[in-house]
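Colleague: Work out the full structure: start from the sequences and follow the hints.
Residues 2 to 310 (the working numbering) are what the sequence shown spells out, left to right.
The hints are simulated quantities; they were obtained by calculation from the structure and are not laboratory data. It should be emphasised that the depicted structure is a prediction, and the values quoted were computed from it without experimental measurement. Glycine residues also receive a C-beta, built at the ideal position from the N, C-alpha and C atoms. It is possible that part of the hints are untrue.
As the list claims (entries may be wrong) - Listed next, the in silico DSSO-like pairs over lysine-lysine satisfying Cα-Cα at most 27 angstroms (straight line):
{"no.": "1", "residue 1": "K71", "residue 2": "K180"}
{"no.": "2", "residue 1": "K212", "residue 2": "K95"}
{"no.": "3", "residue 1": "K125", "residue 2": "K299"}
{"no.": "4", "residue 1": "K125", "residue 2": "K71"}
{"no.": "5", "residue 1": "K7", "residue 2": "K295"}
{"no.": "6", "residue 1": "K180", "residue 2": "K295"}
{"no.": "7", "residue 1": "K7", "residue 2": "K180"}
{"no.": "8", "residue 1": "K7", "residue 2": "K130"}
{"no.": "9", "residue 1": "K151", "residue 2": "K95"}
{"no.": "10", "residue 1": "K7", "residue 2": "K299"}
{"no.": "11", "residue 1": "K27", "residue 2": "K95"}
{"no.": "12", "residue 1": "K95", "residue 2": "K35"}
{"no.": "13", "residue 1": "K77", "residue 2": "K125"}
{"no.": "14", "residue 1": "K130", "residue 2": "K299"}
{"no.": "15", "residue 1": "K27", "residue 2": "K271"}
{"no.": "16", "residue 1": "K130", "residue 2": "K180"}
{"no.": "17", "residue 1": "K125", "residue 2": "K7"}
To be verified - Restraint-style ranges between C-beta atoms, simulated for each label pair:
{"no.": "18", "residue 1": "T181", "residue 2": "G288", "range": "27 to 35 angstroms"}
{"no.": "19", "residue 1": "V201", "residue 2": "S61", "range": "28 to 36 angstroms"}
{"no.": "20", "residue 1": "V201", "residue 2": "L281", "range": "38 to 46 angstroms"}
{"no.": "21", "residue 1": "L68", "residue 2": "L210", "range": "29 to 37 angstroms"}
{"no.": "22", "residue 1": "F289", "residue 2": "S268", "range": "28 to 36 angstroms"}
{"no.": "23", "residue 1": "F141", "residue 2": "K35", "range": "36 to 44 angstroms"}
{"no.": "24", "residue 1": "L274", "residue 2": "I79", "range": "44 to 52 angstroms"}
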Amino acid sequence: MEEINKGLVFVFATALISGVSIYINKFGLGLFVKTTTPATFTLLKNASVALFLFSLLLLSREHKQLLKLKKREWGKLIAVGLLGGCLPFILFFKGLALTQPANASFIHKTLFIWVLILSIVFLKERHAKDYIGLGAVILFGNFLLLGLSKLSFGMGDLLVLLAAVLWAGEFVLSKHLLKTISPNQVAFARMFFGSLLILVYVGFVEHSLGKITTLSLAQIGWVLITATFLLGYVLTWYNGLARISPVVATLVLMLGSPITTMLNVLSGTKIALMQSLGILLIGLGVGFCVLIFKEQIKQEPLLQTRGVC
2 MEEINKGLVF VFATALISGV SIYINKFGLG LFVKTTTPAT FTLLKNASVA
52 LFLFSLLLLS REHKQLLKLK KREWGKLIAV GLLGGCLPFI LFFKGLALTQ
102 PANASFIHKT LFIWVLILSI VFLKERHAKD YIGLGAVILF GNFLLLGLSK
152 LSFGMGDLLV LLAAVLWAGE FVLSKHLLKT ISPNQVAFAR MFFGSLLILV
202 YVGFVEHSLG KITTLSLAQI GWVLITATFL LGYVLTWYNG LARISPVVAT
252 LVLMLGSPIT TMLNVLSGTK IALMQSLGIL LIGLGVGFCV LIFKEQIKQE
302 PLLQTRGVC
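Modeller: Right, dumping it as structure tokens:
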């Protein structure tokens, strides 16, 4: 149970970092709108984090274990980079340009649905279906929090949905790899291979690599700030994912939105009553998910060795 508790702490930390990061990012993103593309900004962040993680692997001597991996394992790590660190970012930003931000945010929150389905199919998590009801409550809470009255669905929304499905695939693949590969190594693979693939996209599709040389000191500073948050995100996320169910981990991650909203409230933004209700539903839903997960672990101790439900 100690490892399960550690996993939950890590994932709650991920949600906190995510919520604060989204709040902080809005202050710096304006510096990049006219001078570079979202993909270029993502490349700079991801590459910086990959460099930090590589340094961490060198210091901890974990890099020696990477050299012992088989070709098949390397292939899966490259897939993690493609599914988690490259394609979904490109699709998400392309979709975001074609739809409303609130729509995109809500569709992204359907991530848990795809993680749940893929976990049942590929990880054989027979208890994953127990979270369908609470997941629906949390998703409805996000609907209220975003202030949506109805949903439209166009090409931009489809691209965001595809991004969510790809991220779900990466979560499930990473969970499989974390049985034999350390969290820091999987995190490095996601950021390193993802950066290489985005580099190809930025260089040969957008032809915007040259814009990197025109960055100001203020922009470089914001890249480092956002990269620091991203580093904390991937370190806590993969260390948490290694210990608990990807379904539960994804649902806990939903707390990021209420955290961002509360920070906005502290900054003077007012929220409606229905948005407050949304926050309450998300908090209660996540809380009950954690209680159910821990109860399942108590009833079936063998699940602790797999970190699934």
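Colleague: With reference to the structure, classify each hint as holding or not holding.
Modeller: Now the hints, each set against the structure:
1. K71 <-> K180: Within the cut-off at roughly 15 angstroms; holds.
2. K212 <-> K95: 19 angstroms, holds
3. K125 <-> K299: 19 angstroms, holds
4. K125 <-> K71: 25 angstroms, holds
5. K7 <-> K295: Distance of about 12 angstroms is within 27 angstroms: holds.
6. K180 <-> K295: 20 angstroms, holds
7. K7 <-> K180: 16 angstroms, holds
8. K7 <-> K130: 24 angstroms, holds
9. K151 <-> K95: 22 angstroms, holds
10. K7 <-> K299: 16 angstroms, holds
11. K27 <-> K95: 18 angstroms, holds
12. K95 <-> K35: At roughly 16 angstroms apart (the allowed maximum being 27 angstroms), K35 and K95 satisfy the hint.
13. K77 <-> K125: Between K77 and K125 the Cα gap is close to 19 angstroms, so the pair holds against 27 angstroms.
14. K130 <-> K299: 18 angstroms, holds
15. K27 <-> K271: Given that 27 angstroms is the threshold and the Cα spacing comes to 17 angstroms, the pair holds.
16. K130 <-> K180: 22 angstroms, holds
17. K125 <-> K7: Since the Cα atoms of K125 and K7 sit roughly 23 angstroms apart, the hinted pair holds (cutoff 27 angstroms).
18. T181 <-> G288: 27 to 35 angstroms: Check passed, 32 angstroms falls within 27 to 35 angstroms.
19. V201 <-> S61: 28 to 36 angstroms: Holds - the Cβ-Cβ distance for V201 and S61, about 30 angstroms, lies within 28 to 36 angstroms.
20. V201 <-> L281: 38 to 46 angstroms: Holds: the Cβ-Cβ distance is about 45 angstroms, inside 38 to 46 angstroms.
21. L68 <-> L210: 29 to 37 angstroms: For L68 and L210 the Cβ distance comes to about 30 angstroms; the hint holds.
22. F289 <-> S268: 28 to 36 angstroms: 30 angstroms, holds
23. F141 <-> K35: 36 to 44 angstroms: 38 angstroms, holds
24. L274 <-> I79: 44 to 52 angstroms: 48 angstroms, holds
Checked against the numbered hints listed earlier, the structure breaks none of them; every hint is satisfied.
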